[in-house]
Amino acid sequence: MFKIADIIIRRLGLGLVTLFFVSVLIFISVNSLPGDFAQEILGQGATPEAVAAIRAEIGLDRPIYERYFDWLFGAVQGNFGTSYARSMFAEAWGSTATANFNTVAQQLEPRFFNTLFLAGLTAVIAIPISLIFGIMAALYRSSFFDRVVNVSSLTSISSPEFFVAYTLILIFAVLNPLLPSLSNIHDDMGFGERFERTLLPALTLTLVVTAHMMRMTRAAIINLLASEYIEMARLKGLSAFRIIVVHALPNALAPIINVIALNLAYLITGVVVVEVVFVYPGIGQLFVDSVKIRDIPVVQACCLVFAAAYILLNLLADVMAILSNPRLRIPK
Amino acid sequence: MNLTFSFAIFLVTLFVLLIMRRFAGLAAHNLTLLQHFSKTSLINLIVYAGVFIALVYYLVFLFIGGATFYKWAVQGIIGLGLCGFLFRLLGKNIGTKKTKQAFAKMPVTAALGILLIFLYATVAIFADFLAPYGQAEIFPKANLIPGGNPDFGGDPAHILGTDQIGRDLLSRLIYGAQNTVGIAFITTCLAFLIGIFFGFLSASLGGWFDQIISRIVDIIMSIPQLIFALLLMTLVTAWVGSERWLITMYMILIIAFLDSTRVFRLSRAVGMNIVVMDFFEAAKLRGENLSYLVFHEIMPNAVAPLLAEFGLRFCFVFLTISSLSFLGIGIQPPLADWGTMVRDLSQFINFAAFSPLTASLPLMAAGAIALLTVAVNFVVDWVLQMTSGLKD
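Chains as they are written, first to last, in the working numbering: chain A, 1290 to 1621; chain B, 130 to 521.
Incorrect hints may appear among the rest.
As the list claims (entries may be wrong) - Cβ-to-Cβ under 8 angstroms is the rule here; a few derived chain A residues that face chain B:
#	residue
1	1432
2	1446
3	1447
4	1455
5	1463
6	1599
These aren't lab readings, by the way, just hints derived from the structure by calculation. Note that the Cβ used here is the ideal one computed from N, Cα and C, for glycine as well.
With the hints as extra help, turn the sequences into a complete structure.
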């Protein structure tokens, strides 16, 4: 048992190191820009004094490594700095009121919760459906049912997210007005209303993710059903149900958990486009918006959050695979 | 047609099918089709019942009118299936012995995929001759309704209408094939060149070179691809300003760079397997130089897995570029492009009740993207199924 903890800690450490390098990469690429935010916001006719004043205020005049470590230590404590676009540049305008800065964390927090809600809802719908269909497709493989599932899942994987999204809007919002096509979400909203407005984006993501998960589950189970001990169980005359539940499922758990974690990681990318289509107030939207106005602290923070979630989920998949498959515990 | 009613019909159909299955087993001993039917599982019957009901509804709507989009969807699916079937029939009877054999064992979906890829390639190459107008040509009449009927605000000269500033949509849709598919193809080729070069190099060199490149790739791959692409695209837009063709060029480079990491992983893994073979060892001991090792020893043995990967990579690149364009930071305006078209036309979807053709304009552009990736995936799926052991 000691050894497992050892491996997990090592993996966690590796994940942290990766995250550190990712943060360096993000910071350097963002800060290598010619011209900075101070020049950008003041425009062509800015006096050098005004530019210098804004630079000093948001700390752009300090060397890059100093700014990086400042940012990193802040980020670890949940303080991502001040959003350029939202700050008031009080000193540059000659005012002394500096109290009302809107920090990145303040912008990020409600949106982070919204995105988690969307991803969570998607996972709750998608995981049971894809597992059931994946296992059934594996059991009845090369039947008509399997072919229909195969073709439709391949189609939904191949479609871009916005195609699925607009098709769903057409069916469920325009032709049959059942659900709102825009996800207008406030903080003081009840669960029911929030659920209703999140359902359409969640369904879009479900369609894309389910197809992936289903195909991977199917492949994992088919691989397993081809192994000798399953053949043995079948030859013993056990029922199909017993073979699946008692013999196959415990061994299939590892690949299936892996599949789920990997697809939740995939959700992170899908969320950006879907949030833009539905104007869903999540991190993806914030990211695209800040990218357009070059609000660097927000872009950095969003990138870091996405990367951290991605690394964490991949790590989870790794650890789960090791936990459920003793053969992986001994490094070769 | 409400849901309860549909469900009732569904149950009745299922019941009838169950009885039919029972009698099929009893009645026919020498008809293989009936015997086969008598052994189908319940889940198949459920699917059959669903398909049957969908067709019944289609016929009903055909008579009483209404449900335009449903009818189009059914017609589209049946039409595509028929095309695939006919193309396979054609391939079985025409061509050399080898292609005939290949077509005989091919599923309908793969045949359809090959046909569609051919069609897209043709449209992309001959877009200049096929499109009625130029892609950036602006006409005085903007916002023409598709359909070409002057009574409803259309114009027979513009079958699919014109957009907000008066460009012919049919022409833009056709040129979209050239731009979107062409750019995605170039990007994929570039990604493969970079990825394979470094992959084989690290496989054959090994040591610290391999370590450094692999760790860099690990770090790049631990940022979600679309996010990283968006970040880099912002930086580039800030860098080169509003030079539009430059932005498109940089997008090609960025996506190629990000995708080459995936190609690197695969080609390195494939290369590693070849490097440990005896014939490679022998060549090394003969004192062959590096380029000989890579091009004459590794390359010929790695073509098959890399080719299948090329199809999949193309799909990913194509979808990423479309997503970027959809978000407004991909292929830039004077060039017609499907992702941008979807975004520009997306508001038309609200007119579905009044003018189905207008509402389907954004879906046409998005569907054009989807159909090509589906086609490539169908073919890749078939190739993988043939080459791998997953035949059961």
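To see whether the hints hold, each was checked on the structure:
1. Nearest Cβ of chain B to the Cβ of residue 1432 of chain A: about 5 angstroms, under the 8 angstroms cut. The hint holds.
2. Taken as an interface hint, residue 1446 of chain A checks out: its beta carbon lies about 7 angstroms from the nearest beta carbon of chain B, inside 8 angstroms.
3. Interface restraint check for residue 1447 of chain A: the shortest CB-CB distance to chain B comes to about 4 angstroms, inside 8 angstroms, so the restraint holds.
4. With a least beta-carbon distance of about 6 angstroms to chain B, the hint placing residue 1455 of chain A at the interface is held under the 8 angstroms criterion.
5. Restraint check, residue 1463 of chain A versus chain B: the minimum CB separation of about 4 angstroms is within 8 angstroms; hint holds.
6. For the restraint placing residue 1599 of chain A at the interface with chain B, the shortest Cβ-Cβ distance is roughly 5 angstroms, inside the 8 angstroms limit, so the hint holds.
Of the numbered hints stated above, none is contradicted by the structure.
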